[in-house]
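K.L.:
Listed here are the chains, written in short residue letters.
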Amino acid sequence: MLMSDLVAEIHMAITSNKVRTGLTVLGIVIGIASVIVMIAIGNGSQKAIQESIQSIGSNLLTIQPGKQRSFGGGPQQGMGSAESLTRDDATAIAQGVGGITAVAPTASGNQQIIAEGNNAQSSVTGVTAAYAQVNNITIDVGSFISDVQESKRSKVVVIGPDIRDDLYGENVDVVGQKMRIGGLSFTIVGVTKSKGGTGFGSSDEVVYMPLSTYQQYFSGSEYLSSISVSVTEQDQMTQAEEDIEALLLKRHKISSVDDADFNIRNQADIIEMTSSITGTLTMLLGAVAGISLVVGGIGIMNMMLTTVTERTREIGLRKAIGANQKDIRQQFLFESATLTFMGGVIGITLGIFIAFVLDHFAITTTQVSGFSVILSFSVSAAIGIIFGYYPARRAARLNPIQALRYE
Amino acid sequence: MIVCKSISKVYGSGDNQTVALDNVSFVIKEGEFVAIMGPSGSGKSTLMHILGALDNPTSGSYYLDGHDVSILSEDELSVIRKEKIGFVFQAFNLLPRATVLRNVMLPLIYGEVPKDQRKKIAEEALRAVQLTEDRWDHYSNEISGGQMQRVAIARALVNDPSLILADEPTGNLDTKTGDFVLDTFRRLNREKGHTIVLITHEDEVAAFADRTIVIRDGHLVEDRQNRKEEVKKVIQ
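Sequences listed follow chains A and B, in order. In the numbering used here, each residue carries its 1-based index in the first sequence increased by 3. In the numbering used here, each residue carries its 1-based index in the second sequence increased by 23.
What the hints contain is simulated information worked out from the structure, not anything from laboratory work. Because the structure is a prediction, the values reported are computed rather than measured. Since no wrong hints were added, every one of them can be taken at face value.
Here chain A is said to cover these stretches of chain B; the calculated rule only asks that three of the stretch's residues, wherever they fall, bring their Cβ under 8 Å from a Cβ of chain A:
#, region
1, 69-77
2, 112-119
3, 124-138
Not everything, but these chain B residues come out facing chain A in the computed CB check (under 8 Å):
#, residue
4, Asp98
5, Ser101
6, Arg104
7, Lys105
Derived lysine-lysine pairs resembling DSS-like cross-links, with alpha carbons at most 30 Å apart:
#, chain 1, residue 1, chain 2, residue 2
8, B, Lys52, B, Lys107
9, B, Lys28, B, Lys215
10, B, Lys107, A, Lys329
11, B, Lys138, A, Lys21
12, A, Lys181, A, Lys196
13, B, Lys142, A, Lys329
14, B, Lys143, B, Lys107
15, B, Lys138, A, Lys329
16, A, Lys158, A, Lys196
17, B, Lys143, A, Lys329
18, A, Lys21, B, Lys142
19, B, Lys107, B, Lys215
By construction, the Cβ of each residue, glycine as well, lies at the ideal position given by its N, Cα and C atoms.
Start from the sequences, fold in the hints, and give me the full structure.
P.N.:
What follows is the structure, encoded as structure tokens:
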């Protein structure tokens, strides 16, 4: 049987019952499109999370007081709650460790804030001027905490845009205005630009004040909540981490790393961790969509079995006029492969379109990966062959005498 | 040339054995027009399946053009059917969603005849069965029963078979169109020299052939030449 004849036969077969063909193909279209959309959503959220982590600064090391994380090591002190890091540690790091751009010691806690008769509970962070640089904070209006304000223990604050919007109203000019924090009056000197980070630990809902001011009026101690270190080059992260660890162990007179009263977190570790979480999410979404693809494949098999039964006499005739098993098998196998191929092409187009629409109208971030396109396309081709094989074999093995008599 | 030597066909095994054909032998020469006649259940259909290379006999030999067909495998039988046999069925068995021309060309697909020759061969076959040209592009379910059967005959002709097997070709037709179809067979036999075997249970149908082989209960009970004057009468 010539290829062109095969194509002509298949064309006749699939156009003879357009509604049924259409519905069967629809099953595959939905399966393929949902695989592509789901994986695009998974990849998109992974990308979004990574971008929001990177907006904090990807060359960032964070040192927090408290024991090293250990698994099954009994009760653990909450991170940042222990009192072991001081400004002197921060200064020592800045002076003693190479390859770092800036060091930002911070101390923070929750405080009651009152402004314009509005009341809010917010995280208040004592910072130095270097904090803005280390944590990629940009100023929208006014200026950030300066070294002079820090050394003078000025009662000034820089607030996040969400705090301003909540307490004063959206986009009100608040520079120069007063706010009360923990019973003391502070002057607002700047508002940070929104970073768009959401949820837990958003940098848009923070109040910054000079570290010295914070330590004097609020924490009442010399201890820090964390030290952020920005490393100049990404590939020096590990080296810087080791140097800082060695320096602090020496300063705290601790001999073993296991007993360290601080821990260092690497931004890359966090990205890796979230990547693995979102990767699992992507796989889960893909698997759910994959189920619909399998259901679509069963639809193909169902249709092909019906077709074989319906066309039993035709198969008998074809055999009587000289078709051999291979001719018949080929015809039905190609027929199902054609259906899934069509479903695959339409499904991929539809999937990319839906992913684009979701992204374009900011419903959710999506990113169509070439991998998912290739994957779903080969899966659909495989489905055509796997689910088409059984009906095709059944057709090929029909006894021509019985097939011709079939009513 | 068809040679059947003590052909038997037994279905089932043990106590459920049914003997459909018992030791049937005959020879059909090239260019003969033979009717195989018998009541239903006589074994004539089984004989047709064996002659048509759709089935193997349980014992005995069947030679078609000198080849022993009785020992061939399923795929080898399909080659014999493709090259040497043309079938005409009671129920026509045309593809309903294909045109007349396409139906006639169908066997050429499996014969891998070059595309540019197919149409010519099919048109020649359609002219041979006297189907008017205005019907050629109709779908096969849009034409009358008599026309359908002539399309089926044309389809049986395109591979230039050694043997045309017609299984109750007039069973679904009224007498008048049936006679026209039978006349078509006889003309093909007379003018083109095709070897034709007609399977029927009716005497009147068998009378169109030159020779009648009667099968009953699996046995060949009669093998006679039809009287010339009777044949002539039907032609007029």
